[in-house]
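Colleague: Numbering follows this note's numbering, in which position 123 of the sequence shown is assigned residue number 123; successive positions increment by one, without gaps.
Some hints could be false.
What the hints assert, rightly or not - In silico SDA-like links for lysine to any residue, alpha-carbon gap of 25 Å or less:
1. Lys40 - Phe26
2. Lys40 - Arg73
3. Lys129 - His165
These are calculated hints, taken from the structure and not from any lab test.
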Amino acid sequence: MTVWPLKFRERGDGEFLLTDDAGGFFLSDQSFLERYVGNKLSADDHTFLRESGHSFERKGDPDWTAFAYRWARRQSKQQELSYVILVPTLRCNLTCGYCQVSRAPENAQGFDWSEETLNAALRLIGAMKGPRIKVEFQGGEPLLRVDLLEQIRSFALACCRFFGHEVKLA
Numbered sequence: 001m002t003v004w005p006l007k008f009r010e011r012g013d014g015e016f017l018l019t020d021d022a023g024g025f026f027l028s029d030q031s032f033l034e035r036y037v038g039n040k041l042s043a044d045d046h047t048f049l050r051e052s053g054h055s056f057e058r059k060g061d062p063d064w065t066a067f068a069y070r071w072a073r074r075q076s077k078q079q080e081l082s083y084v085i086l087v088p089t090l091r092c093n094l095t096c097g098y099c100q101v102s103r104a105p106e107n108a109q110g111f112d113w114s115e116e117t118l119n120a121a122l123r124l125i126g127a128m129k130g131p132r133i134k135v136e137f138q139g140g141e142p143l144l145r146v147d148l149l150e151q152i153r154s155f156a157l158a159c160c161r162f163f164g165h166e167v168k169l170a
């Protein structure tokens, strides 16, 4: 029997989370991890790993094929774009201690979207096809450009209603 490579991480409560490249996972204790790392798995360990899709007997057998299928789906999963973060300005009138943004002063010039950038953002939103679309505003302080937020909001709501999408603005 061959065991698919497993990654592991300690959870902090004495248990370990083990994962494989196909998205499979399980919890174990220290003793299982030591047996796995030391290549000293018990018969019960082998049974568990086989029944939970973490091992196979030979290339091409049903367990191997099932893992390969899950792995391939995970690698090639294509989804429609459904979430965008827009930064209409880098200017900010706040001094939040947790902020990681290289912000510009409130009165600075050249840190807001141009008309061209706004139109590009509208085209991006208009091209989104997912059933649920989320538009999040970050910055700087986006509320310094309420005019841009309102234009994005109006367009997103109208566009999404037309195509039957659900929209969330945050």
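Colleague: Compare the structure with each hint and give your call.
Modeller: Going down the list of hints, with the structure as the test:
Taken as a hint, the Lys40 and Phe26 pair is honoured in the structure, with Cα atoms around 18 Å apart against an allowance of 25 Å. For the proposed pair Lys40 and Arg73, the alpha carbon gap of about 31 Å is over 25 Å, so the pair is violated. Taken as a hint, the Lys129 and His165 pair is honoured in the structure, with Cα atoms around 8 Å apart against an allowance of 25 Å.
Of the numbered hints stated above, the single one contradicted by the structure is hint 2.
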